[in-house]
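On the provided structure of chain A, position chain B as indicated by the hints.
As given, the protein sequences belong to chains A and B, one line each in that order. Residue numbers are given in my numbering: position 57 of the first sequence equals residue 81, and the series is strictly consecutive. Residue numbers are given in my numbering: position 22 of the second sequence equals residue 43, and the series is strictly consecutive.
Computed cross-link-like contacts, SDA-like style, restricted to lysine to any residue with a CA-CA straight-line distance of at most 25 angstroms:
#1 B/Lys92 / A/Met96
#2 A/Lys72 / B/Asn83
#3 B/Lys242 / B/Arg183
#4 B/Lys199 / B/Ala224
#5 A/Lys124 / A/Glu104
#6 B/Lys92 / A/Glu97
#7 A/Lys41 / B/His113
#8 A/Lys41 / A/Ser135
#9 A/Lys41 / A/Arg77
#10 A/Lys127 / A/Tyr32
#11 A/Lys41 / B/Leu124
#12 A/Lys124 / B/His151
#13 B/Lys242 / B/Val162
#14 A/Lys41 / B/Asp126
#15 A/Lys41 / B/Glu121
#16 B/Lys203 / B/Gln97
#17 A/Lys72 / B/Gln71
#18 B/Lys92 / A/Gly99
#19 A/Lys41 / B/Pro152
Ranges between beta-carbon positions, derived for each pair:
#20 A/Phe70 / B/Arg33: 45 to 55 angstroms
#21 B/Pro169 / A/Ala58: 53 to 63 angstroms
#22 A/Pro88 / B/Ile188: 17 to 27 angstroms
Hints were generated in silico from the structure; no laboratory data involved. In this text, a Cβ means the ideal position worked out from N, Cα and C, and glycines have one as well.
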Amino acid sequence: MLPIDPEYIQQRIEQMKDQDLYIHLELTNGAYAAHNDASRHPAANFIKNAVIRYVHGGISGVGPYYRVGLKMEQGWIYSEGLTHYEETENDRLILAGHDKDGKLVVALQISPYPFE
Amino acid sequence: MITDMERFDNHRVLVVLPHPDDESFGVSGSLAKYVKNGSRVTYACLTLGQMARNMGSPLFANRITLPEIRKEELAQSCRAIGIQDLRMLGFHDKTIEFEERELLDGAISALIEELGPTVIYTFYPGYAVHPDHDATGAAVVRCVENLPAERRPVVRAMAFSRGCEDIIGPPDVRVDVKDFVKQKVASVQSHKSQFWVPELKKASQKELEDRFGTERFWTLKFD
Numbered sequence: 025m026l027p028i029d030p031e032y033i034q035q036r037i038e039q040m041k042d043q044d045l046y047i048h049l050e051l052t053n054g055a056y057a058a059h060n061d062a063s064r065h066p067a068a069n070f071i072k073n074a075v076i077r078y079v080h081g082g083i084s085g086v087g088p089y090y091r092v093g094l095k096m097e098q099g100w101i102y103s104e105g106l107t108h109y110e111e112t113e114n115d116r117l118i119l120a121g122h123d124k125d126g127k128l129v130v131a132l133q134i135s136p137y138p139f140e
Numbered sequence: 022m023i024t025d026m027e028r029f030d031n032h033r034v035l036v037v038l039p040h041p042d043d044e045s046f047g048v049s050g051s052l053a054k055y056v057k058n059g060s061r062v063t064y065a066c067l068t069l070g071q072m073a074r075n076m077g078s079p080l081f082a083n084r085i086t087l088p089e090i091r092k093e094e095l096a097q098s099c100r101a102i103g104i105q106d107l108r109m110l111g112f113h114d115k116t117i118e119f120e121e122r123e124l125l126d127g128a129i130s131a132l133i134e135e136l137g138p139t140v141i142y143t144f145y146p147g148y149a150v151h152p153d154h155d156a157t158g159a160a161v162v163r164c165v166e167n168l169p170a171e172r173r174p175v176v177r178a179m180a181f182s183r184g185c186e187d188i189i190g191p192p193d194v195r196v197d198v199k200d201f202v203k204q205k206v207a208s209v210q211s212h213k214s215q216f217w218v219p220e221l222k223k224a225s226q227k228e229l230e231d232r233f234g235t236e237r238f239w240t241l242k243f244d
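Here chain A stands alone, though its shape is the one from the complex (with noise of 0.2 angstroms):
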């Protein structure tokens, strides 16, 4: 992956606009946060596969850390410290927050085809 280029990302989000996605949106600090470090809370969640349709979208921030707001007919989608995307993807947008051990902390990918 590389580290986020905001520019690219926000083309990338105009094109994907208007259109029936599949969404994976997770945000964990791992199993092992409060084992540990019992003065962390252990906290994660997913969601996968839902379909979602947004109508305007952007990514903002100062590197390393963005965030991406995507606002659909009714409600809102929110992400905070993305830090890299997978370059090799044309047609699904993949986003990820890795921690400073390069660990995921944050992920907000979305499709047109369902994740695996």
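Below, chain B alone, put in the same frame as chain A:
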């Protein structure tokens, strides 16, 4: 350095901030001062702060009930300050920077058109830490820039990002609000789901005046 503002009477004040409670620490004393002196204050609160992480202590709110609770807290804070006109603009927390500009700027411009404010209070874009704060300030700046120079109200901004004074200089306005710390504390305490500051109950008038007795603003420049 202005140590106090001009007279506080006969103003039409418009406050544009994104979250219920944004008014409390930074500007509630000045607003109470305006109201006391016969000015009219409209507070346009863009969102209901519905994505906040605080849920009261002890817990009394959840993701579902929070918007309605924060709406009530906001109304209570406005009553404590004496604000005569509260507008809830219905935007969603955390989305201001992503919102359609026509919609956002249109809502703020319509208020400016309707109210003809003499002064607007908002956040200093780029120096107000939360993306919603920065985006709200930026929207106000765009709306005011769009007005012919002779119709532009004064815009006063709050900034508090780390090291901001090294870049934008010191605030040019300091308002003595010692006589209004009661209203200010009541505004803070209205937001029960967000703040739990039991020490405020025990604090002496002197301690409250030292902590809350001055508010500071930067006057934004338009060419």
